[in-house]
Amino acid sequence: YTANRKVRNDDAYSPGGRIGLRPDRATLSYCQRAREAFKGVPVIAGGVEASLRRLAHYDYWSDKVRRSILLDSKADLVVYGMGENAILEIAQRLDQGATVEDLWDMRGVAYALGASRQPPEDALELPSYEEVVASKEKFALATRIIHNETNPYNARRLVQRHGNQAVVVNPPQLPLSQEAMDRIYSLPYTRRPHPSYREPIPAFETIKDSVTILRGCFGGCTFCSITAHQGRVIQSRSQENILSEIHSMASDKRFKGTVSDIGGPTANMYQMQCTRPEVEAKCRRQSCVHPKICKLLGVDHQPVIELMRKARETPGIKKVLVASGVRMDLARQSPEYIRELTRHHVGGHLKVAPEHVDPGVLDKMRKPANDDFEFFTRVFKDESAAADKRQYLIPYFIASHPGSDLDAMIHLAVFLKQNGYRPDQVQDFIPAPLDVATCMYYTGLDPFTMQPVFVAKGLRSRKMQRALMQFFKPENYFEVREALRQAGRTDLIGDGCDCLIPAKPPREAILRRRRDAGRRFRGEYVHTIPSAGRTAGASKNRKQRRPRGTKGYRPGRRGAQDE
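Numbering (the working numbering), first residue to last: 1 to 563.
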């Protein structure tokens, strides 16, 4: 789905990019099918969806608070976070005759208790499901408690009641050692999709030549689920293990010589960690770099610089690119890293994610100040010029993030115009379960301060924010004009060099408006179903019509193509 809950025209994770091959709420469907296929066998749910929905959570797609996925899926156990060690321990213990209840002592698992069972005495009780449904303040309180209990070294066991049942969440798993990371990444992976797939998978084409060097992120961005799933402690592979993988890639006949990415959640956090483990064991800070970099954080870039140099010197390697996000406030601590990155690891364009420029919004995001982005931009341009390379930054920004009102988005639009940025792609904020920003979106409150936060919820409001980031497109003219008028910024409408849009609508904007109005009047279904060049229920290369009030495409519905 798109950020506006529309059915997408393609699915990057399915063969051929076709939609409709994966069920909505996949964990629920797969747990049910597993029970049907293997009666009497324990069903254990894991992965990102199960991890982020392990407790009562706000679900953006249904716009309501849902129960723990443990109860809805009827799984015997949920393993949250990265589960390599957990699934191995579970398999071994079950093989030795243990029951599911015997596994309740494991870290990184959640389990359900019936009405006759009492939660552990040491568990910290969250507001119940019924309470977080009835009260947004209680929902915010629950969010704050959950995020305060994510440090694996001091997190407490949590319990949340759902009617006469209770969901118990044990403390997170301990971070993997470097030896464990090397062991996992040294397994004999084929680096190819399963042979049952007969068509290319678009997402695989993007990552097939990438190398993961770390997991985890201590950035703590409020809109990001990486910290909630992989943890905030950086877990790095050894340099030797990474270079061994690159060497094996170079010996593959299908490999073209370019490593498309060497990174992870954040490219320049490799081997960074707290310099005082005894303090880290007690710390409940949400981010190691916000509002400023912790003085105890080791920010030495030398290990990643050395790794990048050795990677590009590997025989058979033509180019090693960095496509993972670069934390610019950290990069600012190492001019040598920026120089190395710019001169040797950029393929013409480097994607960076400042996300916004307004100080208030950046604070709600827990992102670095815009000054860090501007500094990085200046150094990147200088180093590119010194290397006699024509290279460009592609910044990514988010529209409609909690805290971002029209004034903040106009601030961003003016910044884009002044600096000559014209984003091809715009990212709308999507509330993911368990994220702090999702709590802000649903409750209108910052869970850590309980202060009100502006939220753009209506479709019209979100469209205006999106249009402001692409003010230069004629089709966005009327939305941008409406936003500027609402904000009292008509000074930005006109023919001056500082104006965002002209006073007179461009011809393309008028034609687009008429065309869209006609489509809405006729009730045309603007999403097509990509499937070998055909659309369901319509002739080739024609768009499908549907009566007003009907739902979008789904396999099995009347008129849907059989897959």
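It should be emphasised that the hints constitute simulated quantities derived from the structure, not laboratory data. Positions of the beta carbon are idealized from the N, C-alpha and C atoms, including for glycine. Fair warning: there could be bad hints in the mix.
[What the hints assert, rightly or not] Distance windows between CB atoms, simulated:
id : residue 1 : residue 2 : range
1  : S196      : E313      : 30 to 40 Å
2  : R460      : A12       : 26 to 36 Å
3  : A180      : A37       : 23 to 33 Å
4  : A503      : R460      : 14 to 24 Å
5  : L94       : R254      : 50 to 60 Å
6  : R422      : W104      : 38 to 48 Å
7  : R422      : L459      : 21 to 31 Å
8  : A12       : S177      : 27 to 37 Å
9  : A180      : G458      : 21 to 31 Å
[As the list claims (entries may be wrong)] With a Cα cut of at most 27 Å, we get these calculated BS3-like pairs of lysine-lysine:
id : residue 1 : residue 2
10 : K381      : K292
11 : K389      : K351
12 : K64       : K457
13 : K389      : K310
14 : K292      : K6
When the structure is checked against the list of hints, which entries are broken? Sort them ascending. 5, 6, 9 and 14
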